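Novice: Work out the full structure: start from the sequences and follow the hints.
Going line by line, the protein sequences match chains A and B. Quick note on the numbering used here: the first sequence kicks off at 1 and runs consecutively. Quick note on the numbering used here: the second sequence kicks off at 1 and runs consecutively.
Hints were generated in silico from the structure; no laboratory data involved. All values reported here derive from a predicted model rather than from experimental measurement. Backbone N, C-alpha and C fix where the C-beta goes; we use that ideal spot for every residue, glycine too. Don't take every hint at face value.
Stretch by stretch, here's where chain A covers chain B in the computed footprint (C-beta under 8 Å, at least three residues) [stated by the list, open to error]:
1) 40–54
2) 103–110
What follows is a list of derived Cβ distance ranges for each label pair [to be verified]:
3) B:Pro112 <-> A:Gly61: 41 to 47 Å
4) A:Glu87 <-> B:Ala70: 35 to 41 Å
5) A:Thr99 <-> B:Met29: 20 to 26 Å
6) B:Asp59 <-> A:Thr82: 38 to 44 Å
7) B:Gly83 <-> A:Gly16: 29 to 35 Å
8) A:Thr99 <-> B:Leu11: 29 to 35 Å
9) A:Pro86 <-> B:Ser12: 32 to 38 Å
10) A:Leu68 <-> B:Arg17: 43 to 49 Å
11) B:Ile18 <-> A:Gln42: 24 to 30 Å
For reference, the chains in residue letters:
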Amino acid sequence: GAVVSQHPSWVICKSGTSVKIECRSLDFQATTMFWYRQFPKQSLMLMATSNEGSKATYEQGVEKDKFLINHASLTLSTLTVTSAHPEDSSFYICSAAGTDTQYFGPGTRLTVL
Amino acid sequence: DQQVKQNSPSLSVQEGRISILNCDYTNSMFDYFLWYKKYPAEGPTFLISISSIKDKNEDGRFTVFLNKSAKHLSLHIVPSQPGDSAVYFCAAQFTGANNLFFGTGTRLTVIP
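Specialist: Spelled out as structure tokens, the structure:
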């Protein structure tokens with residue numbers, strides 16, 4: 001199947017700093033990528049839909065100024081958590097839309113101290 | 001509001017027996033359903049899907065059943081293997097839309 005990578009796989013940062021997470025589709029071009037967040041023992045919740053060359057579409061309740069998304073190319077989308085706080089600690093997963101399904105990255109564990 | 005629900009957070013099955021994972025949804029407009037398997041600290045991997053025009057789809061040891069009138073789908077794994085131990089998410093999708101609505105997951109443990 002298609003491969004989607006995420007970097008970093010885990011990150012620990014201090015409260016107030018910003019963290020950038022990269023999502024890359026390695027063997028196909030993805031005009032649409034998605035960012036999900038998963039809390040412990042909870043479902044994956046869609047945060048935003050990222051379309052190459054245009055602004056991301058955020059789900060209700062997700063602060064677009066806090067979670068900055070950039071989809072600069074057909075193989076790369078980035079999520080920047082700005083001024084991170086402990087409540088932002090979570091598992092962030094991206095996916096890239098293929099022809100028939102979404103292909104998920106391995107996820108990034110963010111811990112904000 | 002959780003539109004896709006998996007009411008069993010965990011399931012334990014003996015190796016070789018059948019595993020049945022259940023999923024319910026509330027929105028009758030969903031027309032495509034998927035099952036994903038997830039290991040800890042990894043992203044979900046696609047397992048099997050079914051369109052709303054079908055009631056069954058089979059792929060090797062995995063079979064998904066869809067009961068539209070009950071808004072219910074299930075994933076059957078037979079025979080279950082220890083390597084099947086993971087968290088299984090069902091997901092639903094609308095026609096023409098890319099975003100997925102996920103259930104809360106069921107942790108399957110296959111006991112050798």
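Novice: All hints, please: hold or fail.
Specialist: Consistency of the hints with the structure:
1. Coverage of a stretch by a chain is defined here by at least three residues with a beta carbon nearer than 8 Å to that chain's beta carbons; for the segment 40–54 of chain B and chain A the count is 7, and the condition holds.
2. Taking a C-beta to C-beta cut-off of 8 Å, the segment 103–110 of chain B contributes 3 residues in contact with chain A, enough for the three needed, and the coverage statement holds.
3. Checked against the given bound of 41 to 47 Å, the beta carbons of Pro112 of chain B and Gly61 of chain A, roughly 43 Å apart, stay inside it.
4. At roughly 38 Å, the beta-carbon separation of Glu87 of chain A and Ala70 of chain B lies within the given 35 to 41 Å, and the hint holds.
5. Checked against the given bound of 20 to 26 Å, the beta carbons of Thr99 of chain A and Met29 of chain B, roughly 23 Å apart, stay inside it.
6. A hinted range of 38 to 44 Å for the beta carbons of Asp59 of chain B and Thr82 of chain A is consistent with their spacing of about 42 Å.
7. Against the hinted window of 29 to 35 Å, the Cβ-Cβ separation of Gly83 of chain B and Gly16 of chain A comes to about 43 Å, which falls outside the hint.
8. Taken as a hint, the range 29 to 35 Å holds for the pair Thr99 of chain A and Leu11 of chain B, whose Cβ atoms sit roughly 32 Å apart.
9. Distance hint check for Pro86 of chain A and Ser12 of chain B: the Cβ-Cβ separation is about 34 Å, which falls inside the suggested range of 32 to 38 Å.
10. At roughly 48 Å, the beta carbons of Leu68 of chain A and Arg17 of chain B sit within the given window of 43 to 49 Å.
11. About 27 Å separates the C-beta atoms of Ile18 of chain B and Gln42 of chain A, a value consistent with the hinted range of 24 to 30 Å.
Checked against the numbered hints above, the structure breaks only hint 7 and satisfies the rest.
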